[in-house]
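Protein chains: 2
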Amino acid sequence: MKKMCSIRFVPDGKRVEVEEGSTILDAAYKAKVDISSICGGRGYCGKCQVIITDEKQNATPVTLDESEQLTQEKVDAGYRIACKTRLKGDMTVKIPDESRTGKQKLVVMGVEPETKFEPPVMKLYLELPEVTIHDRVADDLRIINNLRERGIRVDKIDYKVALKLPDLIRKANWKVTAVIRYDGELIDLEGGDTTANNFGFAVDIGTTKVAGFLVDLKSGALLRAEGIMNPQIPFGEDLMTRIAQIVRKPENLKKLQEVTVEGINGLIKQICETAKIDQGQISELTIVGNTAMHHFFLGANIAHVAMAPYPPAVAKSTEVKAETLGIDMRPTGYVHLLPNVAGFIGADAVADVLATEMHRQGDLVLLIDVGTNTEVMLGNSKRIVSCSTASGPAFEGAHIKYGMRASTGAIERVKIDPVKLEPAYSTIESAKPRGICGSGIIDIIAEMLKAGIIDTTGRICASHERIRSGDRGMEYIIARKEETQNGQQDIVITQQDIREVQKAKAAIHTGCTIMMKQLGISSMDIRKLTIAGAFGMYIDPVNAITLGMIPEVPLERIEFVGSTAGSGARMALKSVTARKMADELALKMGYIELAAEPIFQEEYLNSMNLPHADYSLYTETMNRIRAPRTAKIYRRPKTQ
Amino acid sequence: MKKMCSIRFVPDGKRVEVEEGSTILDAAYKAKVDISSICGGRGYCGKCQVIITDEKQNATPVTLDESEQLTQEKVDAGYRIACKTRLKGDMTVKIPDESRTGKQKLVVMGVEPETKFEPPVMKLYLELPEVTIHDRVADDLRIINNLRERGIRVDKIDYKVALKLPDLIRKANWKVTAVIRYDGELIDLEGGDTTANNFGFAVDIGTTKVAGFLVDLKSGALLRAEGIMNPQIPFGEDLMTRIAQIVRKPENLKKLQEVTVEGINGLIKQICETAKIDQGQISELTIVGNTAMHHFFLGANIAHVAMAPYPPAVAKSTEVKAETLGIDMRPTGYVHLLPNVAGFIGADAVADVLATEMHRQGDLVLLIDVGTNTEVMLGNSKRIVSCSTASGPAFEGAHIKYGMRASTGAIERVKIDPVKLEPAYSTIESAKPRGICGSGIIDIIAEMLKAGIIDTTGRICASHERIRSGDRGMEYIIARKEETQNGQQDIVITQQDIREVQKAKAAIHTGCTIMMKQLGISSMDIRKLTIAGAFGMYIDPVNAITLGMIPEVPLERIEFVGSTAGSGARMALKSVTARKMADELALKMGYIELAAEPIFQEEYLNSMNLPHADYSLYTETMNRIRAPRTAKIYRRPKTQ
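Keeping their order, the protein sequence lines are chains Z and L.
Going by our numbering, the first residue of the first sequence is number 286, and it counts up by one from there.
Going by our numbering, the first residue of the second sequence is number 286, and it counts up by one from there.
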């Protein structure tokens, strides 16, 4: 057996035992202390910086790789990268403020259209006639007959419910509440009148966040919404990494499933405790997520989703008893997973369409759900096509030197004086800046472009006292170290950061362009450009256009709808018609595999420019920017 | 912890360890040696006679009760009653031949009408199109679409099957066999073409015996039928005793369920091994049994079935996944339990009706399924009423001094010379007689009545050298000890034995009478008298009428149909229409609670007579018998 090391975390005061050879990050996860790590321990984000305050000799020495991610100043101050430092013995580790995720807005509500309220589970109070010598009907038929008299058809009784009927009915003195599913299954029976308690739960499993919604199935009212970080993150920040972990080691699928179920159970518990509701009274749970999240949750083989042409294992909507999946709710209730469309267009995209109702629009709608994977849908009531773009986690702050999630101290809005080239910024909760979150990053680069600090290829080309050479190429100082929370480093945006954002926005734009070409339309034909996703809520639309992240359309056509994946999950929880509509949509939605399109490569390269190599697509924008124009349009040689 | 005692059984040579204080019968059950016990260890049958050959001092002393069940001769020879002898230490126990159950005919086939072959599970071989860049349909939809093109609707996939699809399909090189249930569920998928193997299994759980039938679901052919003793017997011979054990100690329900499932699993294994068939290829299992057997198997609360007005917990037909119940077949296949009618009219009675097709007859049919509980059904295509009569285990040999089951050496046919009063008998397998089985008992008493050895009240009234006084009143010698297998005792029928048979036949006849009165008919209106049940097959119909066990009808109207409960189970296995018909029948069949009928008591007393107190009901019979006629008709005082 391996030696155990005892690690104490300060200022949390939590202590944990881990095996010798574990990393400090492993220990931090085990101790459940708040530590920032965007890459989930894979070593590239450099966010999990900690300070060993005691027994430094019990850590492996600082590697070259580590010192590259830390400044020499930090190395001298005892800073380490938690995921790269392995333990040889006991120690005390401090997690500095800048390595804490801080308070994060974890749930962003999405718009939700009016839906006809048709809950999947209803409760009905019954006063049953007692068994007598003249009425010897069996217990199960007694209930079925009583319900039939009231116009309710029940033709299936959960086996375990049937077993408990006799005692329950008699103990309750023949006064019981039937819990009935819309498809005619009696999923439970309770003593007395419990009709006041009938709840449902909707879950949106995002790659980064998991949102839970407690809904009253009597009224349809949303009682509570909360979110947690996706507990799969230790297996990798983006889903391709998580999938790779499973392909490498198939047992990891089970682990991913377990942490996901545990996470959802934690969320249910947390919400029900706050709402003072018995979680056993949750009779139905709906789940949306991208195809990978869907498969992880079910424990379905994901390996083939990772390889072209990426077929999902399960696309159809799926219903499984809660007890089978280990969800802490009414054990005989159902978990309903909305359908997937393709390997990278999952139930979350179906939910987006459902909630934005683009399938009811006569006019063309472009729907973009911005996330680590960005789903793009284009269409109307006649036809909808979709694609998935690997926009990556840059907008979540990963791969960005001072990138961070949208939490306290994140720079979220930036203006740059086009003459003086001096920035002005605001932070979340007006705290001293700790880093830059996605909306801030978009603002900065758009402002740099407008001010001419960068040219249309994204190259930093201006001279200014805020512009200097750094370890990641040229960089522009947003906040000087005196202004920052730790007071030790300037917060900058680097040339490399700009490249990361260009790649991310090019991916999204390429998706939009290829789909518009498929439908033979131009951006002016888009009557509504809908931006969904929690992150989308905070984007400045003008800046998003300026970057060329989204097509140039009149501003009044742009709408922000928030997390509509969660909205769709709630709709499917409150309305069986919405659920059926989701099934139809999933079959109806077309899917375009971008990488397989002949024009993909050239369109992607053209989209790398700011806003785009083809200026004619961004005439309004081009009037606004001062940037030197150096872009050229790529064309692939025509095949003969 | 209690001391353990080591018991060796000879001639079997089996050794077993049991706790001090256990009975020898407990040890014999644990060692799984062949030992006869009709009452299941409750101490009244006296059949479990054993001889302690070594270490006699390690047994509790012979009690008065025990010596009453054994002759003094046997006590002197070291005989003990196994269920009444408790262990204080190690010993060797011999099980003499007369205490062995011997080879028993365990399966008696029943008639089975032609049914339209519509199996609940079909297999279909599919050569799926491979996933390509132009056909990225999900694995589940790929199968569903392929099946739809072939006219097969699948709209549900077992969750566990969905999980294994991706690997399975690819390993099998896109050539797979779909296992599809009639209700549109894909219950399994197998690599390659396995359509040749598609099996079903039907089970008839009788109170005493369990019969299993392996059926080919491609053709409907019956491949094999075998039976075992019901493994619940150690909990009591008759079902009221078993129910009482549960009422006393609710944990016993779980034990009963476990032994039942184990027993069925053993039967499946045994049959599949002989038939050289992979039991995992059994995709559907149907179950019939009386309501108690049904509830024991499901683990449903039986307590209320034991108390008036005896409502079952579950009457509706029930379907549960095999893995949920622990049945060793395709785990994702279903177990289908046929519906019950009432607390004492179970799925076996529904199966009887289904198989005899009395529900299709224009003429009135009286259907009697003779067993420990005898179900009686009367009706035709318009109406069917049913009742259950507690005929008890006398016909199985219990409560009868020399009663035994129908196995080697049982006296099964008897004639008595009406002048000389000398008997002639035949035994099963022409072995030396060991005892008398049900059909022999009926023959003897009917012959005694015809010969005038007993009068119409059942009293032994003749004088003969074969008639003598014994420990159970007067007795008539059937076989002298020299003729018997053990050569030690005469095989006799006692006055008490005759009373037991009178009670049993009176119960059945009372059921028939009350139902006929309900329908306002006389015995001449019965166009067909159908006797079902394994035991029924061996009854001499004339003697059954002579005893007044069944109403007097012209002999040509009597038919024997064998174990139609098993036939009904097979029909429900081969035809979903038959299954639906069973559901309709269960709802349609009326039920009469005999004990609640005002005339029950008087009719029962009248039926105690041989053949009946009202001779006018048995005019033909009365012409045949020489017995002194002493019966009088009971009439309850009319209430004012």
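Be a bit skeptical, because a hint or two may be false.
Each computed SDA-like pair below joins lysine to any residue, with the alpha-carbon atoms no more than 20 Å apart [claimed, not checked]:
| no. | chain 1 | residue 1 | chain 2 | residue 2 |
| --- | --- | --- | --- | --- |
| 1 | Z | LYS441 | L | GLN334 |
| 2 | L | LYS865 | Z | GLU470 |
| 3 | Z | LYS606 | L | GLU785 |
| 4 | L | LYS315 | L | GLN334 |
| 5 | L | LYS865 | Z | MET822 |
| 6 | Z | LYS606 | L | GLN334 |
| 7 | L | LYS445 | Z | ALA607 |
| 8 | Z | LYS449 | L | LYS873 |
| 9 | L | LYS873 | Z | ASN537 |
| 10 | L | LYS606 | Z | ASN537 |
| 11 | L | LYS449 | Z | ASN537 |
| 12 | Z | LYS606 | L | GLN542 |
| 13 | Z | LYS539 | L | LEU507 |
| 14 | Z | LYS445 | L | GLY611 |
| 15 | Z | LYS449 | L | LYS445 |
Calculated directly from the structure, the hints in this document are not laboratory data.
Any of the earlier hints contradicted here, and which numbers? Violated: hints 1, 3, 5, 6, 8, 9, 10, 12, 13 and 15.
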